[in-house]
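Asks: One letter stands for each residue in the lines below.
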Amino acid sequence: MIAEQNHALDNGGDGRKPVTAAAIAEQIDGTLTGDATVIVTGVAPLDRAGANELSILSSPRYAEWFEKTTAGVVLISRELANAPGSPRARIVVDKPVDAMVALLKLFHRSDPRVPGIHPTAFVSASAVIGDNVCVEPFAVIGDRVLLSHGSWIGAHVVVGEETTVGENARLHPHCVIYPRVEIGARAVVHAGAQIGREGFGWVTSTGQRVPHVGRCVLGDDVEIGANTCVDRGSIDDTIIGAGTKIDNLCQIAHNVRIGRGCFLASQVGIAGSARLEDGVQMGGQAGLQGHVTVGAGATLGGQAGVLGDVPAREFWSGYPARPHREQLRSHAAMARLVKLVRPLEKLLSRGGDAE
Amino acid sequence: MIAEQNHALDNGGDGRKPVTAAAIAEQIDGTLTGDATVIVTGVAPLDRAGANELSILSSPRYAEWFEKTTAGVVLISRELANAPGSPRARIVVDKPVDAMVALLKLFHRSDPRVPGIHPTAFVSASAVIGDNVCVEPFAVIGDRVLLSHGSWIGAHVVVGEETTVGENARLHPHCVIYPRVEIGARAVVHAGAQIGREGFGWVTSTGQRVPHVGRCVLGDDVEIGANTCVDRGSIDDTIIGAGTKIDNLCQIAHNVRIGRGCFLASQVGIAGSARLEDGVQMGGQAGLQGHVTVGAGATLGGQAGVLGDVPAREFWSGYPARPHREQLRSHAAMARLVKLVRPLEKLLSRGGDAE
Amino acid sequence: MIAEQNHALDNGGDGRKPVTAAAIAEQIDGTLTGDATVIVTGVAPLDRAGANELSILSSPRYAEWFEKTTAGVVLISRELANAPGSPRARIVVDKPVDAMVALLKLFHRSDPRVPGIHPTAFVSASAVIGDNVCVEPFAVIGDRVLLSHGSWIGAHVVVGEETTVGENARLHPHCVIYPRVEIGARAVVHAGAQIGREGFGWVTSTGQRVPHVGRCVLGDDVEIGANTCVDRGSIDDTIIGAGTKIDNLCQIAHNVRIGRGCFLASQVGIAGSARLEDGVQMGGQAGLQGHVTVGAGATLGGQAGVLGDVPAREFWSGYPARPHREQLRSHAAMARLVKLVRPLEKLLSRGGDAE
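Residue numbers (the working numbering), protein chains in the order written: chain A, 6 to 360; chain B, 6 to 360; chain C, 6 to 360.
Isolated chain A (complex conformation) (with noise of 0.2 Å):
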């Protein structure tokens, strides 16, 4: 039913199109209050939201905002319902943020895509260039470069001999493919990302650099964040699995295997030869020491030193990485015996015979 409406929407979508109070309040399957006629035209947060747009109170911390609002129409939660405020309209959800995603696609508009290639750009002859493709200006793609059908090859993106980019990828402005990467259909890689760069392998006795002749391969579907950087393989390859999405400013060291469907969140680094089974979840900056595994579903916190394995499906925290739950025991074990330092102290200087 969600989809219908979706369909119905779907021509008032991309931030070209207006669209009623009332139909939002129908496609989210919410309670209206007040005007339903208003027209919306664009999302904003309440404290910039004009009278035709959308807006959102899901937590009593923006109360002090709602009542503020100039907002045309407002999602709100059950809880919330009667806050003070006066927008235009309200809609009552349960779950008003996974509302509001569903209504964000009406609102979004998508980037500007010219099919073809720019007279900027420097293309080798030897590149293969399927249909639809589109590359931007002073792009540059190397020798026998393959870019699949519908990939999109933005500005100043450096595409390096051989590697193969797949179908309806997107490389966005500035991020640089190094030789002999493989690209899966539908793969993001966001600005400023270096992909198949030599790992950091070195003959420390000669200082010299440990020949990489592994690959890297991002899968199918899988996003690499603004500056990430992931490195080739040196005798082993660098893979990162289908589906598997990465955040801004990560370092993936070479031979590093990862999974399908896991998270990374920014700042993430993994050393050399770990690896993360199937939907594996890190929080933001945690690191990975080289040849440790981390087992499926496990979920890392942020900050978080890893320095052995973590047994699948499990939540670890801090530095060293443990289990959360103990982590939690043991701090607030360390915040009773911080208060006890000075009676213990007392207690065995005058039992001596304890020592």
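One or more hints might be untrue.
Stated by the list, open to error - Capping the alpha-carbon separation at 30 Å, the derived lysine-lysine pairs in BS3-like fashion look like this:
id, chain 1, residue 1, chain 2, residue 2
1, C, Lys73, C, Lys110
2, A, Lys351, B, Lys110
3, C, Lys73, C, Lys22
4, B, Lys73, A, Lys344
If you're looking for bench data, these hints aren't it; they were derived computationally from the structure.
Could you slot chains B and C onto chain A? The hints should help.
Replies: Just chains B and C now, kept in the frame of chain A:
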């Protein structure tokens, strides 16, 4: 008075015109000993400064270098005024570092700036270009972009459609501004920074991206470091307040709002929907969990991991972050406890009844 | 002797000419069992190596893959010499990883390099260009830049005015070298690295930038990873000593001096005016506070947070960093203490007089 002297010396600035030791001593209100006629044409550290260069000795740590220096003139603190060494002139001042900072502009060379659009740049016909704008080679300016008066777009910069760049703002080479970003007057974005990317928001059950319809706004006089990423908002906006300075390699996630006059050191990470009020300072590699608020004037230590709200004007550190004094007290108590572990275990094992 | 063999095999190197299993065994002084005539044309991990590829089994962790491998030849450690599996040939050696590293250059393909200045590059008329220099598409070379003999400037690289690039140095695509940087012979700078930006120095009371008149110097044989930032000095210089290797996404702040032969893993952060003496090694995500000194040959663990000087040749870890043994002892003692918290509280509550 200093202002006046600054004016008097301005003609000798930018590293092009020499200044005498006497003029320097006068400007910074210092006491000169040695040859007042030494001509200074630049600044250099003690270990490589030559006969016409100005250097500084402000810590005993560098006394060894001072002994052997060949500098023409050295600014020197009162405590070290008689340190052994033989520069041609010494100028004793209360705060040599502050004095040096005040003098630096005399010797600093500005980057060359050629107004006009370089013939190799690709500028959309619908872009609006103010007076005295500089667009360097291979820059790409999208549809309906506004480049305000005096703005300076570096080589290879990509500015997405409908982005606005404020007066006298400067985008260093190779930064990427995604579509519909707002950049304030006099803002500076350094090389490789990525501004306005869609944030890391996913419907985890389906692996679909949450559309990002929020804005990304850099206020007036903001500075963004090299390779730093600032994501655009999803529902809310991402806003960096006026005068805030952010160092290299930082991550500012979607919907983050940062107040005015904050200073964030390098590699800081701020997760989604966090708030920094005015005047917050964060040390290097510190991280903020999503949705937390840091109060006005608070300071976070390097590598701090902040999991909850931080009150205004407090100094927090460590992981999980807490008030710095408490952190220090706790560390000290732990160190004492660690020494007691064996006697305590003995004590308890004898008096088993304590269990 | 190995050198000789290297020479003999050189003609078959660079992945272009096949080598037999027998020749490989001879070169690495290994013991061959199975088919000595297998032809090897490349290297691959056990799970995808084909009949003409060389692979390696050096840890029981990969025994499962070995069982099913279709590799032509496998280097194998003595302990695993008889592991079940059926490659066409096994070569038993003491140290398979070292042996493989020695062999890799046979199979490593160099990047293509076309000397000369690409017609799309923009090179200032006042730049000085040595022999055999390669400048790739869309590079921008500023006024009075020196590109020494054999240097290689990647696509889209920007080299600021008066920068000098040493002999046979290589700047990978998309790095930015700010003005007046000095890059040594054979130095390598990877994609997206930003070298010589003005550092993060502010007069906090006024929000004005401290002018940076110091240098930024990369010594001979230095390597800088992708998206790493090295700021120029303010008063002092920023110097990276000869032979030092820095991984991806690191931050080297203004006035930092790093000695010779250091290795810094990815995401390391070094604050202003810190010093590393020769041969220091830092693990991933480790951070150094400003103005500290790390002695020669010291090692810092991953995520270490260094707040004070570290003596030469010591191994420090944790936050705040301290000697690693002490850290381990302390962690072990804590774990024991945590178990005592309840009995100790009981003990003290009974003997209230202990207070």
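Asks: For every hint, state whether the structure bears it out.
Replies: Hints, verified against the model:
1. A C-alpha spacing of about 27 Å is found between C/Lys73 and C/Lys110, which places the hinted pair at or below 30 Å, so the restraint holds.
2. About 60 Å separates the Cα atoms of A/Lys351 and B/Lys110, which puts this hinted pair outside 30 Å; it is violated.
3. Of the supplied pair hints, the one linking C/Lys73 and C/Lys22 holds, its CA atoms being roughly 27 Å apart against a limit of 30 Å.
4. Restraint check for B/Lys73 and A/Lys344: the C-alpha separation of about 53 Å exceeds 30 Å, so the hint is violated.
Comparing the model with each numbered hint stated earlier shows that hints 2, 4 do not hold.
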